Every structure is written in C-alpha cells, then in structure tokens.
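A.B. asks: Residues per chain, in single letters:
2 protein chains.
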Amino acid sequence: MTRPNLSLSGERLWASLMEMAKIGGTPKGGNNRQTLTGADADGRALLTHWCAEIGLSPVIDRVGNMTFRREGTDPSLPPVAFGSHLDTQPTGGRFDGVLGVLAGFEIMRALHEAGVRTKAPLLLVNWTNEEGARFSPPMMGSGVAMGLFTEAEILAKTDPDGAVFGTELARIGYAGTADPAKLQDIAAYFELHIEQGKLLEDAGEEIGVVTGAVAQNWLEVTVAGEDAHGGSPMAGRRDALAAASEIVVALEMIARSAGSDARATVGQLTVTPSSRNVVPSRVWFSVDSRHGDPAALARMESDLRAVAARVAARRGVAVEVAPFWYAPVTPFDPTLVGRVRAAAQRRGYRHRDMPTGIGHDAVYVARRVPTAMIFCPCHGGISHNEAESITPEWAEAGMHVLADAVLETAGAEQ
Amino acid sequence: MTRPNLSLSGERLWASLMEMAKIGGTPKGGNNRQTLTGADADGRALLTHWCAEIGLSPVIDRVGNMTFRREGTDPSLPPVAFGSHLDTQPTGGRFDGVLGVLAGFEIMRALHEAGVRTKAPLLLVNWTNEEGARFSPPMMGSGVAMGLFTEAEILAKTDPDGAVFGTELARIGYAGTADPAKLQDIAAYFELHIEQGKLLEDAGEEIGVVTGAVAQNWLEVTVAGEDAHGGSPMAGRRDALAAASEIVVALEMIARSAGSDARATVGQLTVTPSSRNVVPSRVWFSVDSRHGDPAALARMESDLRAVAARVAARRGVAVEVAPFWYAPVTPFDPTLVGRVRAAAQRRGYRHRDMPTGIGHDAVYVARRVPTAMIFCPCHGGISHNEAESITPEWAEAGMHVLADAVLETAGAEQ
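Going line by line, the protein sequences match chains A and B. Per our numbering: the first sequence = residues 1 to 414. Per our numbering: the second sequence = residues 1 to 414.
Careful: at least some of the hints might be erroneous.
Just some of the chain B residues that point at chain A, by a computed CB distance under 7 Å [to be verified]:
#, residue
1, S286
2, V329
3, I358
4, H379
Source of the hints: derived by calculation from the structure; they are not laboratory data. On a predicted model such as this, the values are computed, not experimentally measured, just so you know. Glycine included, C-beta positions come from ideal geometry on N, C-alpha and C.
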C-alpha cells in the first residue's frame with residue numbers, strides 16, 4: 001500500500017483534547033461530562049462544529065450514537081469505522097474515550113486537508129453512554145447497535161434521580177432517527193484508548209496492540225459465621241469478617257499468581273450486623289475476576305473455592321461462592337490486530353500485544369464486526385479519575401498507528 | 001459466720017426463668033423484651049407480683065430502676081444489693097440479665113420462707129435498659145444511678161422511631177420518683193450473670209469469679225489507596241480493601257497472641273466507592289480491643305500500628321489509626337471477690353478467676369460501690385441470641401454462690 005502523506009498533527013490533536021476538556025471541566029483538572037447531560041450535549045455540539053468545518057455532518061441514531069461519514073471512491077464498499085466516546089465518569093479524566101474520538105477526527109481533518117480519498121468510506125463514531133455511570137449498564141450505545149440490548153430496554157433506563165434515558169436523550173436534542181443496527185454493516189472498527197493500567201508506562205512502551213478482551217467471571221461470596229459480643233473470648237469465635245478478610249487476601253494472591261492477564265477485584269463488601277462491639281455474623285462480597293485464558297479463569301475460581309473451603313473448615317463458618325455474571329473471551333480480528341502491530345513496528349514505537357481487561361465499545365462491536373484496539377499509556381495507570389493524564393507524544397503515537405491501520409483497511413489513494 | 005439453712009431451690013429458680021421467658025417469647029425460643037416496651041412492663045409487673053407474695057414492694061426511681069428492699073436487723077447499716085436486668089436484645093435469650101434478677105428473687109424468697117433476717121438490709125435491683133438495643137448507650141439505669149450520665153440526657157434519648165425515653169418510661173408506668181443517686185449509698189453490689197463466652201463450659205467449670213472489667217480501647221482505622229478499574233492489571237494497584245483485609249487478619253492474630261484476656265473485634269467496615277468493578281480507594285473500619293492488663297492493651301495497639309505501617313509501606317497506601325473511645329480497667333472489690341471465690345470453693349464448684357470482657361451494670365456500679373460478679377457458663381458462649389442457653393444446674397450453682405456471698409456480706413442471723 002502507498003501511504004498518503006498526511007499532515008496528522010499531534011499538536012492539533014492535543015489542542016482539541018484541551019478544548020474538549022473545558023466542557024464539564026472540574027476544579028481538579030478532570031472532567032464531568034456524564035451522558036445525556038448539558039455537558040454531553042455541548043461536547044457533541046463541539047465535535048459536530050469541528051466536523052462541519054471539514055464538510056462532515058452527523059447522523060444520529062435512535063439511541064444517540066453519532067456517526068460522521070466521509071465518502072470513499074468505491075460506493076459498493078462498507079465503511080471502515082473508528083472512534084470511541086465523549087462521555088465521562090462524574091469525576092473522570094480528559095482522555096478516557098475522548099482520545100479515540102478526537103484522534104479519529106484529526107485523521108478525518110488531515111485526509112480532508114490533503115485531499116486524500118479512501119476506497120471505502122470512513123465513519124467516525126461517538127458512542128452514547130460508554131461509561132454507565134449515570135445510566136447503567138455501560139456501553140449502551142454500542143450494545144444496542146450490536147443487538148446486545150434492545151432499544152426499548154435502554155430508552156426506559158432511569159438514572160438515580162429517576163430521569164428516563166429516552167426523555168433525557170430527547171431533551172439534549174440527540175434522539176435521532178437512524179437505525180442503530182445499521183452499524184453492524186461496517187467493514188471494520190478500530191478504537192484508540194488509553195490503557196487504564198500501567199503496564200505500558202512501566203515498560204517504557206508507547207503502543208499496546210490489543211488482541212482481544214479477557215473473559216470475566218463475576219461471583220458473589222457469602223460468609224456466615226456467628227455473631228458474638230465484642231467482649232467474648234477470641235477462642236470459639238466464628239467471625240465472618242475475619243474469615244472474609246482471609247479470603248480477600250488469598251484471592252489477590254491467586255490473581256497475582258495467575259499471570260499478567262489475571263485480575264481479581266473485591267469492590268463491594270458488606271458486614272452484618274455492623275455494630276462496633278459485635279463480631280460479624282455475616283459478610284457478603286463481590287468478586288470481579290478476569291483472565292485472557294478461560295481455563296486459567298476457571299482455575300482462579302476453583303482456587304478461590306478451595307481457599308473458601310479451607311477457611312470455612314478451619315473457622316467453623318459457612319462460605320458460599322455463587323456465580324453472578326460471566327462474559328466469554330472476545331478475540332479481536334487477527335488481520336486488523338496484525339495491521340495495528342505492523343503499524344507500530346513500522347513507525348518504530350515500542351509495543352506489546354496485550355488483552356484488554358476492561359470493557360470498551362470495541363468489545364461489543366467485536367461480537368459482530370472485525371475489530372481491533374490500540375492502547376496508549378496513561379500515567380500511573382490512573383483512570384476514571386480527575387488525575388488521569390497522558391503525554392502529547394503518547395497521544396500522537398496512538399493517532400499515527402490508528403491512522404495507518406484505518407487507511408490500510410480502507411485503502412487510501414493519493 | 002453461721003450459714004442459715006435456706007430452702008434455695010434450683011427447680012423453682014428454673015421455673016421462674018421459664019415463666020419470665022414467656023413474656024416477649026420469640027418463635028425461636030428466645031426473648032424480645034426490649035426496654036420500655038409493653039413486654040418490659042409485663043416483665044416488671046411479674047417480678048413485682050412475685051415480690052409482693054413475700055412482702056416486698058418496689059421503689060421506682062426517676063429512670064425506672066426498680067429496687068425491692070428487705071429490712072435488716074440493724075437500721076444503721078446500708079443495704080447489700082444484688083440483681084441485674086430484665087430487658088433483652090430484640091432477638092435476645094432467656095438468661096442474659098434475667099438470671100441475676102431471678103436468682104436474687106429466689107434468695108429473697110428463701111430468706112422469707114426460712115424467716116431469716118440479715119443484719120444489713122437487702123436490696124434486689126432490676127436496672128433499666130442494660131442492653132442499649134432500643135435506646136443507646138447501654139447500662140443507662142446503672143449509669144445514671146452512679147452519676148455517669150445525667151437524668152436529663154437519658155430521659156431525652158430517642159429510639160430509632162423517634163420515641164423519647166422519658167415519654168416511653170411514663171407510658172409503661174415506670175417513671176418513678178425516687179432519686180437514682182441513692183443507689184450510690186449501698187454497702188455492696190453483687191451480680192450473677194451468664195458468661196457470654198465459652199471459657200467456663202470448655203473447661204468444665206461451673207463458676208467464674210469475676211475480678212473486674214478489662215480495659216477497652218476502641219479505634220478507627222482508615223485505609224486510603226487509589227481506585228482503579230477492575231480490569232486494570234494487578235501490578236500497581238493500591239487496593240484499600242486488600243490492605244484493610246490484611247490488617248483485619250493481623251489484628252485477630254495480635255489478639256490471639258496477647259493472652260486469654262485479649263479481645264479484638266472489627267464489627268464495622270465500609271468500602272468506597274463500592275462498585276463491583278472498581279478497586280476500592282478507601283476503607284474505614286472500627287476496632288474494639290480489650291484486655292485485663294492496660295499495658296498489654298497498649299501493646300496490642302502498637303502492634304496494630306506496626307502492622308498498619310508495614311502494610312502501608314508495602315502496598316503504597318496510607319493507613320491512619322485513630323483513637324475513638326477508651327475505658328480503663330475497672331477492678332472489683334477484692335474482699336467481695338474473695339467471698340465469691342471462697343463460696344465457690346466451699347461448695348465444691350470448679351471455678352476460675354476471670355475478668356469480664358463485656359460491660360455490665362456491675363461495671364458501672366463498681367465505680368462508686370464495692371462490687372463483685374459471678375459468672376455461670378452458657379452453652380457455646382452464645383448470647384445476645386435466641387439460641388442462648390444454660391443448664392438448670394449452672395443456674396443453681398450461680399445462685400448458691402450469690403446467696404453465700406450476699407449473706408456473708410450482709411450478715412445473716414438464723
């Protein structure tokens with residue numbers, strides 16, 4: 001392939017990121033641009049404004065997904081899509097999602113300026129409500145588009161204040177008429193995203209070649225002991241919290257021993273009866289475990305069950321480990337992943353293959369469409385946090401790899 | 001001392017216990033006779049009825065404490081008091097508190113039947129709201145009597161439904177006129193109570209000679225880590241809950257290594273932000289630690305701080321250990337304790353000296369009045385629980401020791 005000589009500008013990308021970050025900017029330097037708020041509308045309007053300057057106008061579908069289509073030279077070809085999301089967590093950062101959308105926009109702008117046409121049409125996508133912070137679950141827009149959720153169920157979702165998704169979507173002016181399922185007809189989907197981990201930064205690498213999404217196994221653990229007075233002797237206690245604490249520590253060790261793809265998180269834990277001077281009789285906690293290898297993930301669960309059984313026997317408590325939710329491994333398209341890897345290689349970026357342990361719109365899209373993702377590092381792995389930060393160089397590297405992979409897939413003609 | 005030949009009946013004591021247990025009896029065989037409820041009024045009325053049969057009438061003070069006075073032969077002597085409480089936890093047992101009151105009543109009845117006079121007057125006490133379940137804090141009646149709380153503050157306390165203590169006390173007909181502080185003028189106080197632990201049962205002993213109350217050191221621990229996505233790599237996490245769990249397990253070990261008098265309980269623990277797929281950034285938990293030896297209790301705190309510092313350094317989290325409440329050791333009166341011990345010895349009961357790790361009315365009374373306590377075993381150490389149980393033989397043994405110690409202190413004449 002002949003690679004067109006584009007004026008892709010890292011500086012201009014950075015300026016766009018900083019401009020977008022003013023919308024819903026927080027005092028600590030982060031962003032609160034939650035989905036279907038006025039700030040979300042303002043962010044969408046700014047993107048629309050920028051795209052209008054290069055002759056692209058949005059198509060909005062019935063769940064608010066925005067697409068900007070740049071025609072190709074071969075009208076028979078389905079479009080090559082790329083993008084991410086502009087919505088943020090309530091105390092989110094400036095790059096999670098936004099980088100993928102604005103790097104995509106910068107590619108569109110550079111193509112426009114260079115007068116380069118691709119064979120296949122290009123489609124820049126801003127998915128609705130990737131974060132799931134205000135309306136749960138996350139990845140609603142891509143989930144509806146790929147047929148994982150129905151429009152009706154999503155439009156009826158309510159936020160903690162009782163506001164209805166469909167009503168809010170109309171209120172901010174983004175209840176469109178396009179069929180979200182049309183997005184299943186794209187030829188390919190690429191998404192550039194910050195890593196939200198620190199493997200790349202710690203290794204001094206600029207690009208993560210994302211090979212797919214890990215499997216997720218979410219469990220619920222209940223420990224039933226016996227309440228006792230805080231003044232009762234230690235001997236003979238059946239302390240549900242001490243037992244649960246042992247299991248939490250052991251679970252972390254299980255994950256640390258199961259390879260760099262393994263994760264285990266106890267994010268919620270409740271204590272009953274919850275009195276300062278009463279030995280807890282019951283503890284419930286959630287387990288979110290993930291692994292790139294389903295067999296290894298299953299071993300993590302059996303290791304957890306073995307620890308639970310040992311703790312139960314030794315402490316005279318009952319431990320129940322129950323399934324809550326399971327998501328299989330989602331491999332990305334090997335050809336597209338290969339293009340990402342080749343682009344990083346060619347440009348001399350230090351890179352590694354890695355799975356994503358985190359859900360992204362790309363993971364839902366991959367269920368129906370050939371997909372690949374590109375990670376760029378983020379400082380300290382900090383994300384979903386106002387302190388989230390990246391360097392302009394990392395952003396630029398990610399953009400270049402995205403551009404190369406997109407253009408190779410769409411076919412570029414000077 | 002000549003010991004009078006009393007017809008103290010274990011069978012009759014047991015029958016009284018079972019009769020009282022019908023008031024507020026629960027389907028699982030426990031008792032719900034919370035303070036200042038209709039059931040509390042019924043329990044008080046039954047005790048009043050029984051005492052009336054042996055010529056004793058109640059004096060009610062302004063916080064509802066009930067005393068039944070049996071005159072002695074020497075009007076110049078202050079009374080020797082004994083008793084406990086009739087109120088229970090919402091899902092409490094049939095013996096916690098009740099045993100001390102009804103064993104005291106059985107002693108009064110046996111003295112009446114035998115026509116035995118003591119030198120000093122005797123005073124059977126039923127303290128108001130020992131449990132603190134409905135109105136917090138616990139041990140209100142004894143606390144007011146001994147000047148630890150003011151009447152005004154206690155009368156103004158509200159339950160979770162907003163009911164006011166003073167109003168409820170009047171409603172059930174037990175807002176008396178006597179001055180609670182008059183109870184500071186008693187010569188001595190004895191209280192028989194179930195152990196609420198399982199040291200005695202496990203050792204096959206019938207009597208605990210309670211030497212005093214342990215010191216209590218209540219702390220609050222806050223662990224500050226950093227939130228991260230549940231899909232982020234394990235390396236580099238600063239998981240506040242994993243850190244807290246390590247500390248909870250270590251604290252239990254510290255208590256188990258600090259002698260049989262040591263206790264440590266984490267009864268409350270909260271997780272922030274509490275999301276299934278977010279590594280917790282902050283965990284707060286309570287620590288209730290106790291020891292008969294204040295120096296050992298201080299060492300437990302410094303051991304906890306050392307563990308906290310190690311965990312903090314290794315995991316890159318911040319751990320703060322803050323004081324919350326401290327209660328000093330409360331020794332009981334050596335002479336009275338000696339009489340309890342001697343009585344157990346004389347009657348051939350297997351016994352041991354032990355502190356109480358749990359607050360009792362006797363612990364407050366001991367701040368002003370020479371005091372001693374007698375423990376009898378309870379099955380499995382189970383208490384504050386409908387399954388609480390003791391044997392009639394244990395109840396009888398405790399009653400005999402109580403009677404001997406009371407009569408030796410009051411001076412009995414046949």
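A.B. asks: Kindly indicate which numbered hints from before are broken by the structure, ordering the numbers from low to high.
C.D. replies: 2 and 4
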